[in-house]
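Participant: Here's the letter readout for the chains.
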Amino acid sequence: MILLKRGAEADLYFMEWYGLNVVIKRRVSKAYRVSPLDLEIRRFRTVHEAQLIHSAKAAGVPTPAIYSVNPNDMEIIMSYIDGQIVKEVLDVIDEDARLQICRKIGNLISKLHTSGIIHGDLTTSNMVLTRTGEVSLIDFGLGDFSGELEERGVDLLLAKRALYSTHINSAEKCFKALCEAYEDEVGEKEALAVFKRVKEIERRGRYVPER
Amino acid sequence: MQKKNETICLGIESTAHTLGVGIASSRGIILADANAKYIPPLGRGIHPREAAQHHSNFSSIVLKQAIENSGIDVDQIDAVAFSVGPGLGPVLRTGATMARCLALLLHKPLVPVHHAVGHIEIASLVTRADDPLVVLVSGGHTTITAYAAGYWRICGETEDITLGNLLDVFSRKAHLPKAGGLAVEEYARGGSLFLSLPYVVKGNDVSYSGLLSASLRKLDEGVKLEDLCFSLQEVAFSMLVEATERALVHTGKKGVLLAGGVAANKRLQEMLRIMIESHDATFYLVPEKYSGDCGAQIAWAGLLSFQSGVEVKVEESFVKPKWRLSEVKIPWRNGGSTK
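Line by line, the protein sequences are chains A and B. Counting in our numbering, the first sequence tops out at residue 364, every number present. Counting in our numbering, the second sequence tops out at residue 860, every number present.
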C-alpha cells in the first residue's frame, strides 16, 4: 500500500487489489473533534460519498468505480484514475486547452445538477484530467442529493471561488467558459436562475459593497 | 528617543466597541496602546450611537494616554492612521473625525487602514509568522485567508453570521452572567454530554446561522446549559477547523496564524493546534493582548501602509462600513512575507 495523499479529511492509498489498481480512501479520526461528532461525520460521509459517486455515474459524469464500501472502517475502495490533477495542469497549458477543460467542467457540473446531485467541493484539486483528455470528478465527501436552487448556487460559487483563489490570472475567462458550458446543457432559463442565485449568495457574505 | 531614519505612526481604532490609539515605530515596536471599551448593558448588543458617543467622550483621554505612554513628542509622529472599515458607521466616523483633526493639526499624512488587515499585521508582527494561512475570528470576521500577489485572498469564510456573533448572541439569549464567548467557554468546561447540532461545511466555507437557531431551540427545550455550551463550541469550532484544514492542504502553507478576538478561546486554540501539528505546520497564536480590537493594530498596519506610500486626502477620507478584506491592495508584502 502506497500513501498517495494525506488529504484534509481522508488518507488516500494506492494498491493492487485482485489485479486492479485501486485507491483506498480512509476517513481518519480527527483528534481535534470529540468522538461522538467524529464518528457521526466520518460514517455519514463514507456511505453518502459512495452513493453520490454511484449516482453521478448514472448522470453521465466520469467518476471512480466503487468496489467496496466499509462504514465500520470508514473506508471506500475505488478505481484509480490515471491522470493529472486539474489544479496542476490548468496554469501550464495554453489558453485554448485551458478553456476547453473549463467547458468540460461546466458540462459535468450541469449534468450533476440536472440529476439532483451537488458535488459540494468543486475545487480544481478534485478534478482529474485523464490520459484520454476526459475530466473525471473525485471527492464527493461534502456532496448532497438536492435539486434546490440554493444548493446549486453554492456549488457553482465554490467552483468560482476555487478558480479565483488558485488560478488568479485566468480565473475570469475560466469561470466564463465554465458557465457557458453549464448554460448549454441546462438551458438559458435554468442557468440564469442559478447564476442569479450565485450573485445573491455572494452578496449575503460579509462586507460586500454593493449590498 | 527617536532614532535616525525611524518612522512613527499613530493609529486610531474605532470600528465597534473599542476606541484605541496606538503608536508604532518602524523598528517593529509598539510604543503605546491605549484603549477604552464601550460595554453595553448585559443582555444587549452594541448600540452604534451609544458606542459612538462613548468613543467621542473618551477620545482626548485615550489619545493623551497613548502619547504619554509612548514617551514621544507629538511632532515626532510621521503619519496618522485610522480604521476606515469595516464596522459600524457612526463609530467609524467618530474615529475618522479624530484622525482627520490630528492629521490637519500636525500637518501629517492621513493613512487609511482596513480593520482586518490591522488584526493580521499586528499578529504577524508579534508572532513573527512568515507567510501563514490566516484564520481571523472576531465579531466582524470569520475568514480563512492567504496572501498572494498583492491581496489577501479569501480561502473560506462564513456564509452568514460570524463565530463571534454566534457566541455573543447565544450568550445573551441564554442570559449568561457575562457577555460573549468567554462566558460560553466557561460554561462549556462544565459540559460533557454531546448534543447533536447542525454541522454545515460547504467546501471551505462554514455557515453558523442554522447552528444558532438550533442551539436556541435546544435552550428553550431546557437542556443542561453546560452541555449546550459544550456542544455549541465543539460543533462551531470543528466546522472552522475542518475548513481551515482544507485550506491548509489546498494552499500548502507551512504555518497557520490565529488572530482576532475569538482567538482568545482556549478550546479553539487547542483544536487548531492539534490539526496544524498533524500537518507538520507551525501554529502561530496572537497573544491575548493583541487579539481583540486595539489601537496598536491600526498603528502598525498604518505604518506599513505609509511606508509603501498609501495615503488619503482628508477631503476624500470617507469611512467604508462594508470594506471587504480581499479588496485592499497590500503593497508591502512580497511573496507572502513582510521581510
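Just so you know, not all the hints are guaranteed correct.
[To be verified] In silico DMTMM-like pairs for lysine to aspartate or glutamate, Cα to Cα no more than 20 Å straight-line:
#1 A:Lys313 to B:Glu680
#2 B:Lys850 to A:Glu325
#3 A:Lys352 to B:Glu680
#4 A:Lys158 to B:Glu680
#5 A:Lys264 to A:Glu341
#6 A:Lys313 to A:Glu353
#7 A:Lys326 to A:Glu336
#8 A:Lys158 to B:Glu848
#9 A:Lys210 to A:Asp191
#10 A:Lys352 to B:Glu848
#11 B:Lys841 to A:Glu355
#12 A:Lys313 to B:Asp681
#13 A:Lys352 to B:Asp741
#14 A:Lys257 to A:Asp337
#15 A:Lys313 to A:Glu343
#16 A:Lys313 to B:Glu798
#17 B:Lys843 to A:Glu353
#18 A:Lys349 to B:Asp681
#19 A:Lys257 to A:Glu287
#20 A:Lys349 to B:Glu680
#21 A:Lys210 to A:Asp235
#22 B:Lys775 to A:Glu162
#23 B:Lys843 to A:Glu355
Derived from the structure by calculation, the hints contain no laboratory data.
Participant: The structure should be examined with respect to each hint, and the outcome stated for every one.
Facilitator: Outcome of the hint check:
no., hint, in the structure
1, A:Lys313 to B:Glu680, "holds, 15 Å"
2, B:Lys850 to A:Glu325, "holds, 19 Å"
3, A:Lys352 to B:Glu680, "holds, 13 Å"
4, A:Lys158 to B:Glu680, "violated, 29 Å"
5, A:Lys264 to A:Glu341, "holds, 15 Å"
6, A:Lys313 to A:Glu353, "holds, 14 Å"
7, A:Lys326 to A:Glu336, "holds, 15 Å"
8, A:Lys158 to B:Glu848, "violated, 34 Å"
9, A:Lys210 to A:Asp191, "violated, 29 Å"
10, A:Lys352 to B:Glu848, "holds, 17 Å"
11, B:Lys841 to A:Glu355, "holds, 18 Å"
12, A:Lys313 to B:Asp681, "holds, 18 Å"
13, A:Lys352 to B:Asp741, "violated, 35 Å"
14, A:Lys257 to A:Asp337, "holds, 11 Å"
15, A:Lys313 to A:Glu343, "holds, 18 Å"
16, A:Lys313 to B:Glu798, "violated, 30 Å"
17, B:Lys843 to A:Glu353, "holds, 16 Å"
18, A:Lys349 to B:Asp681, "holds, 18 Å"
19, A:Lys257 to A:Glu287, "holds, 8 Å"
20, A:Lys349 to B:Glu680, "holds, 17 Å"
21, A:Lys210 to A:Asp235, "holds, 17 Å"
22, B:Lys775 to A:Glu162, "holds, 18 Å"
23, B:Lys843 to A:Glu355, "holds, 14 Å"
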